[in-house]
Amino acid sequence: MNATMIGINFAYVVSAALFIFGLKMLSSPATARRGNLVSALGMLLAIVVTLLAQGLDYKWIILGMAVGTVIGLVAAYRVEMTAMPEMVALFNGFGGIASLLLAWSEYHQYPDMSTFIAIVAFLSAFIGGVTFTGSMVAYGKLAGRINSKAILFKGQHLLNAAILLLAIAAAALFSMHPDSGGGYALFLLIIVLALTFGVTSTIPIGGADMPVVISLLNSYSGLAACAAGFVISNNILIVAGALVGASGIILTNIMCKAMNRSLANVLFSGFGAVTQAAGGGAEQGEIRPATAEDVYYILEAADSVVFVPGYGLAVAQAQHVLRELGDLLEENGTEVSYAIHPVAGRMPGHMNVLLAEANVPYDQLVEMDDINPRMDSVDVCVVIGANDVVNPAALEDESSPIYGMPIIETFRAKTVIVLKRSMNPGFAGIQNALFFRPNTRMFFGDAKASLQALITEFKGGD
Amino acid sequence: MEAVYLTFVFVLAIFLGFELISKVPSILHTPLMSGSNAISGITLIGALASLQTDHHGFTAFLGTLAVIFATINVVGGYAVTNRMLEMFKKKDEGGAK
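Heads up: the protein sequence lines correspond to chains Y and U, in order.
So in the numbering used here, spot 346 of the first sequence is number 346, and the numbers just go up one at a time.
When you read off a place in the second sequence, starting at 1, and then add 462, the result is the number in the numbering used here.
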């Protein structure tokens, strides 16, 4: 190792430290933005020192980076916040395919790999390929380009298992003789299998489960980068890839817990497709509708109001109107906060971003575990576009399919107001016991129009 | 021996990752995801190093493609994360519309 290489590798250590600091600063909204910049600085440093190495072909590098930068920036600045899950899925996929291409190029150049390098080259190409097509399917489902329902067919698990076994067998043969002519054919076969597996393993997962899938693919893209790091013996790829891999696994786990499902259940059962007809639709009772005026009087008299937004709020594009109502309530001397369930939105933390975009200050955003213990002292809970995540059946009805799922315990508030278009059940097809509680009032209509009506009441009432 | 050393680094980094990420509040999970996504574009470093003057033809082609995709991942990821985090404001700073 010559002096330049040693210098470069020392700079990589600094980059790794910057990534770690950057992630550490993400633990508070106050420092998060600087944290992201610190992490970007680490990346910039790693890129700059890499370019100092001798014998690089700059024309291709400049071309590639220029094209990538333009596409990346345009995409990042044009995307709507509601479309963030699609964007993340797309970027994820690109990271995956880059790892596949890197492993391929490395193998093409140096086919006489050791067995160990051949195995990690296989992992890099395989995980990268699965990440790529898996993310493309996730993107298609989230963006509505392909049917977001779970697509199931007979023998699906068998097919997936067969592809996986075939890939492992191909990898075993490949890693024994990577430099033979057959080795190259096997490598190509592995790539094809990976790309196919990405599609066949993601297509049976329903649109509502996409948050879990994106988290998982996020983890894969990190692990693919990690494997690529093993191929070229580069520590910075291994460290950065491992950090991302860990991050994705944690988020996947949080999402699964919040949805009360195991990862295996999400990946293999096709939840979105089979509507759980067994859901306790029997528990009916009297519902109490309310008009805008009634709701206005309830809110006007309240000392504390907690809004519980769900994805329906974002679909109705009502987050700005909601913030306006929140501001009016605050002027009225009411304590306002927004309680957010971990699965609200279409990816982890999505709802928080949507509310932040509507200028809701982050100190008013409360997590489920923080609001539940003090729910008894809340005067009014306003549920907007959320359904299953506030269903008390999750706590009380053992026969309910969502039994055991953590919920925001709105029913313990003194009064609950539910803004809802109609009495249709949520995506799980389960009737919501909350609607029939004596302290619940139903305020029917489009979320945005209903909130607008309340604002008009407030402005007229002053 | 090198394999052992690299695996050592890998295992420690995984543990560090678990420690760091579990401290991130759920409010910031979307930026965390897009930010860590940008970090996973680190493959760019490998792709850049693979584009050497004595590599030609197909290798250079694969390397350039890898550079393009990884750059989109890195630049787009950091830019969109920054855009999101800009919007997170405290009450006293958030008043101006």
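Read the hints as simulated data drawn from the structure, not as lab findings.
Honestly, I wouldn't trust all of these hints.
Label-pair ranges, simulated between beta-carbon atoms [as the list claims (entries may be wrong)]: (1) Y:D446 - U:D554: 27 to 37 Å; (2) Y:D112 - U:K552: 53 to 63 Å; (3) Y:A301 - U:D554: 40 to 50 Å; (4) U:E464 - Y:R412: 52 to 62 Å; (5) Y:Y110 - U:T469: 15 to 25 Å.
All C-beta atoms in this analysis are idealised placements derived from N, C-alpha and C, irrespective of residue type, glycine included.
Do the hints match the structure? See the list:
The hinted range of 27 to 37 Å is satisfied by D446 (chain Y) and D554 (chain U), whose Cβ atoms lie roughly 33 Å apart. Taken as a hint, the range 53 to 63 Å holds for the pair D112 (chain Y) and K552 (chain U), whose Cβ atoms sit roughly 59 Å apart. Distance hint for A301 (chain Y) and D554 (chain U): a CB-CB separation of about 28 Å, inconsistent with the stated range 40 to 50 Å. Judged by the Cβ atoms, the range 52 to 62 Å given for E464 (chain U) and R412 (chain Y) holds: they are separated by roughly 59 Å.
Under the hint 15 to 25 Å, the C-beta atoms of Y110 (chain Y) and T469 (chain U), about 21 Å apart, fit the expected range.
Hint violations for this structure: number 3 only, all remaining hints satisfied.
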